[in-house]
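Asker: Residue numbers (this note's numbering), protein chains in the order written: chain A, 1 to 177; chain B, 1001 to 1560.
Possibly wrong hints are sitting among the right ones.
Said to hold, decoys possible - Among chain A residues calculated to face chain B with C-beta under 8 Å, some are:
#1 Thr16
#2 Gly27
#3 Gly34
#4 Phe89
#5 Arg111
#6 Ala113
#7 Asp116
#8 Leu135
Just so you know, the hints here were simulated from the structure itself, not pulled from any lab data. As the structure is a prediction and not an experimental result, all values here were calculated from the model. Don't be surprised by glycine CBs; every beta carbon is placed ideally from N, CA and C.
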Amino acid sequence: MEPPPPANPASEQFITLLNSAHSRLLGFLRVMLGNNADAEDVLQRASIAIWRKFADYDPSKDFFAWASSFAFYEAKNFQRVSSRSRLHFDDDLLQRLAEERTADLQHTESRLAAMDRCIEELDDASRELVREFYLNKSEIAVLAKRVGRAPQTLYNKLNALRRLLGECMKRRLAQEA
Amino acid sequence: MNPATPNEQELHRLFAAKADETIIPEDHETLCVLLKDSAEVRQQWFAFQDAETALLAWSQRETSRREQELHISPPASDHEHQSNSLPYNVDEASADNSAEHNAAAKSRRGSQSRFFEAIAAAIILGTVIWTVWPKPKESPAPTAASLLSRDEATTTSVAVLSRGVNVEWDRTVAAPAVNAPLAPGLLRLQSGVVEIEFFQGARLCVEGPAEIRLVSAGEAFCSYGRFSAHVPPQARGFRIGTPKGDVVDLGTDFGLDLNAASPELHVFKGEVELHQPSMQVRKVTTGNAMDLGQPTQTLAANAAAFAFSHDLAERDSASRREAFARWQTASARWNDDTDLRLHLDFQDQETSHSLHNAALHGEEIAPGTIVGCNWTEGRWPGKNALQFRSVSDRVRLNIPGEYPQLTLTAWVQLHSLSARQSQSSLCMSQGIEAGGIHWQVLHDGSICLGIVASAHPKVTDDYISPVVFTPERFGQWTHLAAVLDSAAGEVRLYVNGQLLSRHALKRSTVPKPAIAELGNWIPSPDYHGSHPVRNFVGCMDDFTLSARAFTDAEVHQFAQ
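Assemble the whole structure, with the sequences as input and the hints as a guide.
Answerer: Now the structure itself:
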């Protein structure tokens, strides 16, 4: 394993570029992998590949477009070697999702902004359930125990909220458009 | 055979099951076919994933906002007080803040900034073995943990709120104070002007109403409002996202008006790149402006439209002078409270070695004597405060009498805490005498009110709050209050006017402060041997002692 090169202007530039593309790369990976944890995982691996090849990057070209190809191959790789779940999207589907998501990412920020407003419309108890769930996804059973509900009941309630929020988001976006 | 397109509810169920990794193979197969066959389903899948991103980010921000609001985070297990000497006895924290819960919040919060810290540090140090990076599921947020020593303090901050004039925040989102470090997340300014300094070096003036989401030390997303940015060369690459495209700064001064009918970008100096979806990158240079809705036309930059950022320093001073005037009026009113026995307002001459007692009904308590210490500016220009730095700095007080009901308040600006020093004195009675009061900051940043129940054998009842002083709070003026309410059988601890914790009274010892010190402690004046260091490092202003248990509302008023 070769050690990474010492700090230099290229590494600063790399950090700045990767920093500014981070949320889009994560959004790109999420639709292929289905969840945030895997997307974060793959992005970490991809970042190493991107850094190793950074000397080949042409600064006049769009960084995201260049970096996302590494992310794509890393996602494919991840699915091949990951033993956690065998339920993956196949390569054809990945390819199609990747192509369409690149253009779709321009809508991400307005979706996030719309959703922020939708959350505010929820009552306190629902907001609390959402917060608890997203902070600690694997612990729905623990959460259910604490509030004295059956895990499935709680999960159903949560999914109803997610759907409600998703509809609110769409409605707001339609109004703004 | 292709499944029929299900209704929205069923589609959402499949999406959620896939995202939560609870999907069964048959459903997964159905989902794959639906995604392959329908562009519409793929669009919905993208929107679903963005919604998930928004909900995760909101949950992290909300948790962090609550912690900041109360300025607390419960002690981590490796920081817990030793149970025999300092029992951790928060009977009831004022908010739902179970330790397990917060630990989870912390581990996920600010994942992006930590991610880049890790990458940046790894490149700079050139020593990290990439393959041993911690992996998700167990630790979903990539951390720089391998670069930190076990107990090293960490921060998720990316910027600091450096100035503010007539600021009205949407408090349901966040309401940071001036000098507060800012973590990634949403801020909504209803009115007023604030200045945010990003750690990367860019300075952004924001005029309300405005909405801004801090993304990293070099990036923000602005939904609406007017913004004026100064980006020095070292912050080159500073990026502002807007609903109409991204603005990337190449070292310059520029203004962004998102409140205009069509958003406008004005460049006063240097060069700015405009990145818009499905458009070529455009450059806007000195003296030019661009309508983001019609980016083909170049207009003349209009500096006058961004005047709010030019006189910010002057308006900031004026608003600080007004705050000082308000304090003078309020202070005169408190001084006449019949239960207020001691009010050190620190408005003594800067050459003075004593602190007068401004309380009108505090004849029994003589002026305090300053030992060491430096005079310094307090919360506003014209307001004095005392700075405690060395182990000798202290203010000596003599507080005769008994206080079955007692309220202590002070404004403090803590500068640091030493891991080798278990306690820093706010106000501590000399030695260990029955009835002595020991109000102090513990080494982990929690606040403790101790009442000595018995001198021989030594028994102290300690009432300890959750952690208040994290490194983010160092250097910020913070209002603290401790209330001993023997009538209600409890002790209450407050920070910035908010109830922090409530504790059942362990014993009905009547406090007798007697000889006490602000900012320090000694066992006795004739003590020869070595004794533990208890000095406070920071500034203090407006110390009060009252013979009444303040209500929540009164403490809140005092903290204004």
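Asker: Close enough to count: is the Cβ of Phe89 of chain A nearer than 8 Å to one in chain B?
Answerer: This hint holds: Phe89 of chain A lies near chain B, its Cβ roughly 6 Å from the closest one there, short of 8 Å.
Asker: Regarding the hint that Leu135 of chain A lies at the interface with chain B, is the smallest CB-CB distance below 8 Å?
Answerer: holds, 5 Å
Asker: Holds or violated: the hint that Asp116 of chain A contacts chain B, with Cβ atoms closer than 8 Å.
Answerer: Status holds, d = 6 Å.
Asker: Using Cβ atoms only, decide whether Ala113 of chain A comes closer than 8 Å to chain B, and label the hint accordingly.
Answerer: Status holds, d = 5 Å.
Asker: If you take the shortest Cβ to Cβ gap from Thr16 of chain A to chain B, is it below 8 Å?
Answerer: holds, 4 Å
Asker: Should the hint that Gly34 of chain A touches chain B count as held when the rule is a Cβ pair under 8 Å?
Answerer: holds, 5 Å
Asker: With 8 Å as the cut and Cβ atoms as the points, is Gly27 of chain A at the interface with chain B?
Answerer: holds, 6 Å
Asker: For the hint on Arg111 of chain A, just tell me whether its beta-carbon gets within less than 8 Å of chain B.
Answerer: holds, 4 Å
The structure agrees with every numbered hint stated previously.
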